[in-house]
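Participant: Each chain, letter by letter, is given below.
Number of protein chains: 2
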Amino acid sequence: MPAVTRQEFRDAMARLGAAVNIVTTDGPAGLGGLTVSAVCSVTDDPPTLLVCLNRGSPQNRLFKDNGVLCVNSLAPGQEALSTRFAGRSAEADMLERFSHASWGLLSTGSPVLDGATVSFDCRIAEVVERGTHSVVFAEVEAVRQGAASRGLIWFSRDYHPIGA
Amino acid sequence: MPAVTRQEFRDAMARLGAAVNIVTTDGPAGLGGLTVSAVCSVTDDPPTLLVCLNRGSPQNRLFKDNGVLCVNSLAPGQEALSTRFAGRSAEADMLERFSHASWGLLSTGSPVLDGATVSFDCRIAEVVERGTHSVVFAEVEAVRQGAASRGLIWFSRDYHPIGA
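Residue numbers (the numbering used here), protein chains in the order written: chain H, 131 to 294; chain D, 131 to 294.
Think of the hints as simulated: they come from the structure by calculation, not from any bench. For clarity, every value in this text was computed on a predicted model and none was experimentally measured. Take these hints with a grain of salt, some might be off.
It does not matter which identical chain is used: a pair holds within one copy or between any two.
[Said to hold, decoys possible] Below, simulated DMTMM-like cross-link-like pairs (lysine to aspartate or glutamate); rule was C-alpha separation at most 25 Å, straight line:
1) K194 <-> D223
2) K194 <-> E226
3) K194 <-> D175
4) K194 <-> E256
Given the sequences, and given the hints that come with them, work out the whole structure.
Facilitator: Structure follows, in structure tokens:
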């Protein structure tokens with residue numbers, strides 16, 4: 131049986147809902163941030179999540195070299211910020227990209243987004259390369275729950291608010 | 131800085147929304163199926179997703195031994211089925227568990243859930259063990275899109291329908 135085509139796979143994946151996250155990093159290699167929906171919990175011992183990052187992105191190396199990242203799961207109202215961080219951006223534009231929101235710090239120095247539904251500040255423990263993407267295993271050093279009781283989901287190629 | 135506790139991590143993860151999926155397998159090692167929210171896209175070349183499976187589950191070995199799985203992403207109305215597949219179940223009860231829905235086949239022989247929003251029939255390519263969980267990389271051999279234009283999300287420890 132022939133494998134499914136890329137387009138068939140993408141069309142099918144569009145129907146598997148996922149939280150919208152802006153994943154950030156900062157450190158000796160520089161400041162970075164991009165929108166990622168491929169984030170999931172791996173284990174709570176030690177608390178670990180994984181993030182799939184495109185190897186074709188100029189930012190891929192930034193995350194690995196800094197060795198830290200923060201997953202900021204977005205709230206309704208942050209759609210424009212998500213779209214801003216989803217585009218490819220030259221290094222010189224990174225500060226401009228970040229200037230459209232307020233950011234704090236927790237443990238690793240990676241930017242923590244004000245108003246996010248929840249943020250996970252992490253240290254990278256392992257990277258598994260798989261095809262076009264790096265699967266980054268990250269141990270959670272600190273969490274911050276935002277005031278928002280709602281989340282933002284990407285489904286059928288559109289944003290959907292969720293929760294009470 | 132002390133690491134976050136398991137409970138803090140779980141409470142934070144409850145705020146990162148995720149699709150509700152029933153992941154199934156069948157083959158020489160036997161029939162299996164359980165509810166999993168930790169599923170995400172890895173790469174479209176070749177089309178690959180990953181599933182995080184608890185190593186403490188008796189079913190963990192079943193998936194690895196069969197070498198195949200199907201990710202069935204649920205639609206609104208399938209909440210009771212999700213709850214049924216979320217519980218631990220003795221091997222003898224597995225057929226009973228499956229008897230509460232209709233199933234088809236695509237490529238690998240793993241059960242494909244009728245009425246799912248989308249199903250990904252996969253062959254396991256690699257397993258990375260990480261703490262309490264196995265991260266299963268699976269190459270997609272076939273997909274089936276259901277008639278439902280809505281999905282089912284787990285967020286704040288509750289089900290939420292999503293989509294038009």
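Participant: Would you mind marking each hint as holding or not holding in the structure?
Facilitator: Results for each hint:
For the homomeric pair K194 and D223, the shortest alpha-carbon distance inside one copy (20 Å) is at most 25 Å, but the shortest distance between copies (45 Å) is not. With identical chains, the CA atoms of K194 and E226 are at most 25 Å apart within one copy only, with a shortest distance of 22 Å there and 47 Å across copies. In this homomeric assembly, K194 and D175 come within 25 Å of each other (Cα to Cα) both inside a single copy, at 22 Å, and across copies, at 22 Å. Within a single copy, K194 and E256 get their C-alpha atoms as close as 9 Å, and across copies as close as 22 Å, so both meet the 25 Å cut-off.
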